[in-house]
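2 protein chains.
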Amino acid sequence: MNSFSVTILGSSSALPTSQRFPTSQVIRLNEQLFLIDCGEGTQIQLRKFGFKMGRINHIFISHLHGDHIYGLPGLISSLVLYGKKGELHIHAHSDLQPMMEGIMKFMNDQADLKVKYHPLNFKRNAVIFEDKKIRVTSFPVKHRISCCGFLFQELPSYLHINKEALEKYDVPVSQRLNIKNGADLILEDGSVIPNNLLTLPASPPRSYAFCTDTVFKKGIVPTIEGVDLLYHEATFAADLSDLAKKTYHSTSVQAAEIANLAKVKKLIIGHFSSRYKDASGLVEEARTIFPETYAANDGDSFEL
Amino acid sequence: MNSFSVTILGSSSALPTSQRFPTSQVIRLNEQLFLIDCGEGTQIQLRKFGFKMGRINHIFISHLHGDHIYGLPGLISSLVLYGKKGELHIHAHSDLQPMMEGIMKFMNDQADLKVKYHPLNFKRNAVIFEDKKIRVTSFPVKHRISCCGFLFQELPSYLHINKEALEKYDVPVSQRLNIKNGADLILEDGSVIPNNLLTLPASPPRSYAFCTDTVFKKGIVPTIEGVDLLYHEATFAADLSDLAKKTYHSTSVQAAEIANLAKVKKLIIGHFSSRYKDASGLVEEARTIFPETYAANDGDSFEL
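Here the protein sequences come in this chain order: W and D. According to my numbering, the first sequence is numbered sequentially starting from 105. According to my numbering, the second sequence is numbered sequentially starting from 105.
So here's chain W without its partners, still in its complex pose (with noise of 0.2 Å):
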């Protein structure tokens, strides 16, 4: 089973801390890696907790709060000085390639690095990258600026081979992969074989929804339905509830309706205000509601 993983880099709201970097997860799925958001010092974690950032084609960016941006000018810098070639596509709102082409104005422009903006849409659900393992789509949530969650759907794999199947009519190796996608097998007396008698069932498809910055959505429930790991934010404790709707912001207790609603697997909860010197109180908040809810803290890694 290919290997998929969230890694946390970044887990404090506007105002970073000792403890808590800006807004970024870097999600792998085998070697590759997907950059959501990119807080001021994303480019630091990536090198503190191991990653190639080279191997990042793909960067999808929520919203153009400094919070969630302002690591990008640097972490591009760093992947030109690096000799990164090819292209680098920034899903985002309209508004930040002429942001960043104006921070940008004085570096180096021999660069081999092409970077391509692709402009989310801010209305709809939209799927916005597919190759053969996985696909993305972004989904509009509610914040002060449009902002957009995403939808990481890992695609139906092949089926697995029933070993015993195959030593019992001697499949040749040429017809295997047409088995793995389903086909069944024809034997040389022109009897044939159905593929049920020869394969397993495939891994379930995984998904991973990411939900920041929002007030409590309902709307986003059918969207994320039934996701095996949902990062949602949860900016305040309960308590501060106005505060969290004034703000465009949620609440833990919110955070977990959300997940009891669209029925997820699991979920993480992060985007923590500078206040709470300690995630465990909103955690346990959520739990009450919600016991599969688990604090995103700077490194930590879920695999799904």
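By construction, these hints were calculated from the structure, which means they are not laboratory data. Note that the coordinates shown come from a computational prediction; the quantities given were computed from them, not determined experimentally. Any given hint could turn out to be false.
[Unchecked claim] Facing chain D, a subset of chain W residues (Cβ under 10 Å, in silico):
hint: 1; residue: P120
hint: 2; residue: T121
hint: 3; residue: F125
hint: 4; residue: L133
hint: 5; residue: L137
hint: 6; residue: I148
hint: 7; residue: R151
hint: 8; residue: H167
hint: 9; residue: G206
hint: 10; residue: I393
hint: 11; residue: E396
hint: 12; residue: A399
[What the hints assert, rightly or not] Just so you have them, the derived chain W footprint on chain D, three or more residues with Cβ under 8 Å:
hint: 13; region: 113 to 123
hint: 14; region: 145 to 159
hint: 15; region: 162 to 176
hint: 16; region: 197 to 207
We treat Cβ as the ideally placed atom computed from N, Cα and C, and that holds for glycine.
Could you slot chain D onto chain W? The hints should help.
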């Protein structure tokens, strides 16, 4: 005597390493903090090394390459979130203001903090800040883009009162400040006690010069002559002097030559290329020319 120190927040060149953040330094004069350059992660380093960032009112930016400015948006945002009031003065190339306003477009603008940009003069030396204790002068260096060094000169302080003379002449409290400022004492009978009988010399004013990024440039020597402490970039070892020249940087030996010519008391070298795992080779080379050479390492403090 006032406390006057330089702390290295970042000592890498363009590509940060696991040990070195990009360029930034903090100058402490008693309770005042001045920041020089602001590479990505400067706010993290300020927090790590125990500086109260709210005490920074003046930031001096040598030039607009990313490794000297990418920490500014995050630092300013955090100052706003901490509720800093009044004015923050940024002395930099006039292009910085639109760059910052662009990238900080979506910052909450209910701030009590007013950021004031002051354009630097890249043609000649200029006094850019002065109060009762310190004068800051910018001076052009030679890099790929417009770049300035900064000279921090403590202003002459009060004469020290000679306590024995104070008792002998029974100097009234009301006269003491005048005497510390150099006045003679006039006794009730009209006789004059000359100041030199009442005082001891003031502490000699101290000075610090910051030179980065620059190709070897003898022209700066008269400006920095005799400073107590000189920081001079040394991106490369002496064997890469051709590369240094081509990229408008200096070698360790060139930094030492400048220190020697300027008869400074002590030299710090920094802005090391990431190819050097350890700066000791560069320091050794520099010491063959200027023995009082030390490496800049993140967190090092130099008391003047």
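Consistency of the hints with the structure:
1. P120: W:P120 check passes; min Cβ-Cβ to chain D is 7 Å, inside 10 Å.
2. T121: 8 Å, holds
3. F125: 8 Å, holds
4. L133: With Cβ-Cβ at 25 Å, over 10 Å, it is violated.
5. L137: Since the shortest Cβ distance to chain D is 18 Å, the answer is violated.
6. I148: 6 Å, holds
7. R151: Holds - the Cβ of W:R151 comes within 10 Å of chain D, reaching about 6 Å at its closest.
8. H167: 8 Å, holds
9. G206: 4 Å, holds
10. I393: 30 Å, violated
11. E396: 32 Å, violated
12. A399: Nearest chain D Cβ about 21 Å off; hint violated.
13. 113 to 123: Holds, because 5 residues of the region 113 to 123 of chain D bring their Cβ atoms closer than 8 Å to Cβ atoms of chain W.
14. 145 to 159: holds (count 5)
15. 162 to 176: As far as the region 162 to 176 of chain D goes, the hint holds, because 8 residues have Cβ atoms under 8 Å from chain W.
16. 197 to 207: Holds, because 6 residues of the region 197 to 207 of chain D bring their Cβ atoms closer than 8 Å to Cβ atoms of chain W.
Of the numbered hints listed earlier, those contradicted by the structure are 4, 5, 10, 11 and 12.
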